[in-house]
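Mind docking chain B on chain A? Use the hints.
2 protein chains.
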Amino acid sequence: LARTVAGLGQWRLLGRFLPALQNRLSRRVAVGPGDDAAVVKAAGGGFWVVTTDMMVENTHFRARWTSGEDLGHKVLAVNLSDLAAMGDVRPAFGVVALGIPPRTPVSFVDGFQRGLSRLARLHGFDIVGGDTVGAEKITASVAAVGWARRRSDCVLRSGARRGDVVMVTGTLGDAAAGLAIIDGKRPRFSAPDKRFLLKRFLRPVPKLALAKALRRAGPPSALMDSSDGLYRSAVLIAQASGVGIRLDAARLPVSGPLGSWARARGLSPAEVALTGGEDYELVLTAAPAAARRIEAQGLARAVGTVAAGRGVQIFAGGKKRGVPREHEHWSNHSQG
Amino acid sequence: LARTVAGLGQWRLLGRFLPALQNRLSRRVAVGPGDDAAVVKAAGGGFWVVTTDMMVENTHFRARWTSGEDLGHKVLAVNLSDLAAMGDVRPAFGVVALGIPPRTPVSFVDGFQRGLSRLARLHGFDIVGGDTVGAEKITASVAAVGWARRRSDCVLRSGARRGDVVMVTGTLGDAAAGLAIIDGKRPRFSAPDKRFLLKRFLRPVPKLALAKALRRAGPPSALMDSSDGLYRSAVLIAQASGVGIRLDAARLPVSGPLGSWARARGLSPAEVALTGGEDYELVLTAAPAAARRIEAQGLARAVGTVAAGRGVQIFAGGKKRGVPREHEHWSNHSQG
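Order-wise, the sequence lines are chains A and B.
So the first sequence is numbered by this note's numbering: it starts at 1 and just counts up by one.
So the second sequence is numbered by this note's numbering: it starts at 1001 and just counts up by one.
The hints are simulated quantities; they were obtained by calculation from the structure and are not laboratory data.
C-beta atoms are modelled at their ideal positions from N, C-alpha and C, and glycine is treated no differently.
Misleading hints may appear alongside valid ones.
What the hints assert, rightly or not - List time: in silico EDC-like cross-link candidates among lysine to aspartate or glutamate, alpha-carbon distance up to 16 Å: (1) A/319 <-> A/248; (2) A/137 <-> B/1136; (3) B/1137 <-> A/136.
To be verified - Stretches of chain A that chain B covers, calculated by requiring three or more beta carbons in the stretch to come under 8 Å of a beta carbon on chain B: (4) 85-96; (5) 143-155; (6) 206-216.
The following block holds chain A by itself, in its conformation from the complex:
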């Protein structure tokens, strides 16, 4: 029987796809596939930081709940988040490809354009080219290039060391609740809370300034974004760094609206915060002194520690818990 992509599973597929890409790269490639973005030495000094992310209708969004402007914003935001996840990186330029079913209203395309351009301008990012093609489902792909002055401005996933503190910015799980609301899971609770959660899913904010500030205050020893959820980020940092990670479920930052939503659905907010993806917060590790400086500036909070061993363990109130169940959504924003 021929093995299918579904049979292999998302993470093993990537594990197969990326190493093959890493073969025989030239010496100008400082960081190849497998981190949030790749790093390429520029001819005149400095480094280009390069990433791509694709968003597909029904995998990443529902056309009914996502305006053209939302999609234009988000497909660029997730790419800029990959640049932020590399450290002190200045967004420079990129290109966009848009697949559109013929019956799509022109206003959707105009909105897409608007959402994209607004976010680009906000970050001094130039969209220098585009491709529009026919497709059965709306598909948007952006490739983004940023600029780092020094190699040390880039913080990889592989730098976590035993004794480091694991930290996250912002709050977790909001976007997952927003997605669940879109998918019909709408308990009765306050409308402003609902709007907050939806916005967290539809309009993620790339944490570029925060990444720069973390790099200066810390620096972090490892850094990535939380696109696929804190638990998955921790797994990937632990793998890349050859360490173990212990997360404390009781310390995960949970927003008020997520708390209300989870309670209304009879769920544990910590569980949603642990595995929910698409928040585009930053997940990092830092040596204790650096972590204290980061916390003192209010940039991120501690949620765990880097330990000996391998893999990620979850604790709650000092008691070890099982491995959480992740949502295999066939999307993935974790690669450069």
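Below, chain B alone, put in the same frame as chain A:
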């Protein structure tokens, strides 16, 4: 009634999409959206040349007729062709995004990887990152960055001048016949001819070395690739340059296999050569002396002239003919 993308039409949609992208670009952008690729000034001197192209199942290819290796090859080839279409540009690095239905065999993904890597290595091109996402139809998107030493190494669409000669490399219409064969239009004729036409569609060759040679022998005054057919290339060069173009249908370079195929179907080979897309040849204009140098080196042949006025006129044996009917295939590879 809401206007749809189909109602607006492919070319007008692009005309709407691209100028909006051109708003407020920073000064480092030397050539913005609208040519085969964009040109961005590099910090340390030189220029980055940037393009993206997306390929979607059932728009650009049929899964039954396209192996993973074919797709990996082609999606990179069409991007490298955009770099070639900018002149003397050295391929540098790029990223790939792949949308895949869960039921896709893993062997397809492995083949995709192989086709991509082989072509990349051949051109000293580094694939530095990738994204794999779920999708209902196979969708592949590449963004490619090349390098030009001087701004004058780049040849735009806008440089054609009255009195210039219009030229093309290779032969035209082969890929369109290959696509027609895939779509079931398979008259009885020789198997090697069929294989040739299919290969021209499935495995286009980016003309990077040829573009460099043209730049040195000529230089051309305007240059682009023939991704959407010679007629469409001529329309776009005429528009961008503010000139008229006269094409001589009797002079179009037609391969033996295309001649056999067209005759077997009762079609005019010149008609197929005029509008058929996906050959990824180069279309250029050059001042008469430069055109003679180019022809003397056997790099391209003359198929028309740049004239006063606007738009593209077709002549055959000295007699003017009507505007050819183009295939609106909802694909487009003509933008940076």
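Pair hint outcome, residue 1137 of chain B versus residue 136 of chain A [Cα-Cα no greater than 16 Å]: holds (8 Å)
Straight-line Cα separation of residue 319 of chain A and residue 248 of chain A no greater than 16 Å? Distance ~9 Å between residue 319 of chain A and residue 248 of chain A Cα, so the pair holds.
Are there three or more residues in the region 85-96 of chain A whose C-beta lies closer than 8 Å to some C-beta of chain B? Coverage by chain B holds here, the residue count being 5 at a Cβ distance below 8 Å.
Coverage of the region 143-155 of chain A by chain B, judged on three or more residues with CB within 8 Å: Since three or more residues must qualify, the claim that chain B covers the region 143-155 of chain A holds, with 3 doing so at under 8 Å.
For a C-alpha distance cap of 16 Å, please report whether residue 137 of chain A and residue 1136 of chain B respect it. With a Cα-Cα distance of about 8 Å, the restraint between residue 137 of chain A and residue 1136 of chain B holds, given a limit of 16 Å.
Take the region 206-216 of chain A, compare each residue's beta carbon with every beta carbon of chain B, and decide whether three or more fall closer than 8 Å. violated (count 0)
Hint violations for this structure: number 6 only, all remaining hints satisfied.
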